[in-house]
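Q: Build the full structure now, drawing on both the sequences and the hints.
Chains A and B, in that order, give the protein sequences.
Heads up: the first sequence begins at -13 in the working numbering, then just goes up one per residue.
Heads up: the second sequence begins at 41 in the working numbering, then just goes up one per residue.
Nothing false has been slipped in among the hints.
Pair by pair, the computed Cβ-Cβ distance ranges are: (1) ASN67/A to ARG644/B: 27 to 35 Å; (2) ARG74/B to LEU4/A: 43 to 51 Å; (3) LEU8/A to LYS71/B: 41 to 49 Å; (4) TYR466/B to LEU8/A: 33 to 41 Å; (5) ASP102/A to TRP483/B: 19 to 27 Å; (6) VAL84/B to VAL6/A: 47 to 55 Å.
One side of the interface only, derived from the structure: several residues of chain B facing chain A at Cβ under 7 Å: (7) LEU396; (8) SER424; (9) THR433; (10) PRO436; (11) LEU562; (12) THR624; (13) ASP650.
Derived by calculation from the structure, the hints in this document are not laboratory data.
These numbers come from a predicted model, not from an experiment.
Virtual Cβ for every residue (Gly too), placed ideally from N, Cα, C.
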Amino acid sequence: MTRKQRRLTLIGSAGAVLAVALMLILIALRSEIVFFQSPTEITQNGVAPGQRIRLGGLVEEGSVVRSDNAEVRFRVTDTANTVAVTYKGILPDLFREGQGVVTEGVVGSDGVFVADSVLAKHDENYIPKEVAEALKAQGHWQGEEGQSN
Amino acid sequence: MIVEFGHYALVLAFALTLVQSVLPIWGALQKDDRLMAVAPPVSVMLFVLILLSFIVLTGAYLNSDFSVLNVVENSHSAKPLLYKFTGVWGNHEGSMLLWVLILVFFGALVGVFGGNLPADLRAVTLSVQAWVSAGFILFLLATSNPFTRIVNPPLEGADLNPILQDIGLAIHPPLLYVGYVGFSITFSFAVAALILGRIDAAWARWVRPWTLLAWCFLTLGIAMGSYWAYYELGWGGWWFWDPVENASFMPWLAGTALLHSAIVMEKREALKVWTVLLAIFTFSLSLLGTFLVRSGVLTSVHAFATDPARGVFILGLLCIFIGGSLSLYAWRAPMLKQGGLFAPISREGGLVLNNLFLTAACAAVFVGTLYPLVLDAVTGEKISVGAPFFNLTFGPLMVPLLLAVPFGPVLSWKRADLGAACQRLYAAFGLALLLTLVTYWAWGMDKVLAPLGVGLAVWVMAGAISEIVTRVKFFEIGFKRGFARLVGLPGSAWGAAIAHFGIGLTVLGIVTASAFQEERVLTMRPGDTVELAGYQMTFEGAAPRRGPNYTEEVGHFSIRQGGALVAELDPSKRIYTARQMPTTEAGIYTTGFSQVYLSLGEGRGDGAVDVRVYFKPLITLIWIGCVIMSLGAVFSIADRRLRVGAPKPARKRQQSMAAAE
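A: Quick look at the structure:
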């Protein structure tokens, strides 16, 4: 092989790998990302059945009902609207009524959000950023600017 | 008074970094030996000063000196001694001080052990290291001063975040930082080479041990962090593709690529321009990781505090160092002469392929980590990029890389015979195929990919072993002489084989633990038994217990296998008194390389409790594999050829470079 051919092989294979990587990234960005939505957005715009979303807000006071087999029902609210959620599993340590929460899952045919993961805060002082901003959008945010620790 | 002493040492260190930033490099450019000779002692002095201020801060923590704001916010007099000590870096200010400590530590190492380097290269490298140090010490002093006093000291502190009150905090951050920050020295070497306009095989030989050292610690640090999250968070997951994890994973991927390209440069003088770029990228990704974790753009247990000024400051440093080094690269790299031609199928070609896939995978992780942040900043739209994204992008890019791993070491330099290489790997391929079929036979066809994953892992491991076996020619020359050859193999050959074996083990652990894991979530009352993977787990009851700074509700479980008691587990739910914050302590039973993992949910009042039980087959291989990879790096560092007799660059070449300038 001549020097030029060698160089072309090198550049060609580099280009091919990068093209494949780029293609994978673009496909994944179309299909594998999950949008964050507040209860108000879900209520107003609706969600296609089967589409994964992240739902965030506050756990409504008095809404948590535990049943056997580690099933939990609760409602997530941004104070304007609420969405009912069911979850089977162990709730995070900092899951509490009246506190911020982010859940990920799909909306079932009965309009109940079936969560397969529930995230609460890492620390008792802050509310998930998305939740804080969703609450601000509803004009119900009384905390300080941003989160503090 | 002592605290002010630590503060003063930090300020003095800043002043010294300014001296170090200017004099040695000026000396190198003016060919003034006296100015260049300033660098080594000053680098040691810098380390001593930062160490002093670190010791002072540690003292403030151990004595619970609540007149220091940082101690008030992150400590408590009832905290166990170990956590008073580790709490020093369990917060933003302290962890940045540790960061800087390691930065100057690496500078001092080059100052002390860099005697075999050319004087000008050492001087410029230390100056560049001082630029980085100056930036970060200024960051500490201006926005994150750990020595700030408060006027009215409270009697008690706010305590350390309970998740961090674990032995993991003693190990994970220091290991990770040595790795992360260790790449700074490679960066400094690269920038120095660009400034001096001289780069050759000897440069690669000096730089490779530093890269190996940093990579070794980073591997251990990431593995430790993963195991810590696994047992502490109680979710049973060992990797979440959390942006903070990615922040440490990207430098690891780039650093792995750098390790390999430096081999080509050292042996064949090829890929110079690329290696230098990779050295710059690796540390840039470390800086980016620091920015992501420390600036508060992410909400995470790692983001201790959010103060916009800090984010802006680190972003500024990021732009200066990355932008500056890349501009320098664009300006100076074209004059680096390329050497060493090679055919596409050759050892070099294999290493290029390795670099291609590693950098492409790194780019995929980069996009997945930063896209949500950028999208939020630009459009305000909030998305989350989780495991599915990375499984679709990172996964497919790793498969061809792993397939190619066993080929690398058996290909010869310059031009290789693929057929001969395949011949040496027949046994490895046969073993991999056999185990794939066995897995299919044992688990049925319902899991299509997992047995292929097992086969891939076995292929990588068996390839590493057969590389050693064929190299010493056991079968041709008999056991005794073969053994002598085995001992005589160069450290880097051992290192490569061990590290490749380690990656195979990790892959095996990942595949089996994710594909064949068994899980049950249920509510249990005392006396209830659940059966999982051949184990009977009985909930015997729960009882309260008091710890030094927490109270806990401990669930008692007995694990039986075929009626015989094999283990008793006590997972618990803790409430840390100072912050009133609950944490979950999982109960883990290790059997062979597999684990039974039990964690508790909230109690239900009537003695019933939610329980999550996992059986995770071969999961410990994930971390054992990482430890073995680092062991491989240790073998490579110990290679004699890297320590002694690094050849001086030929005079002729130096002259021709000078002519090119």
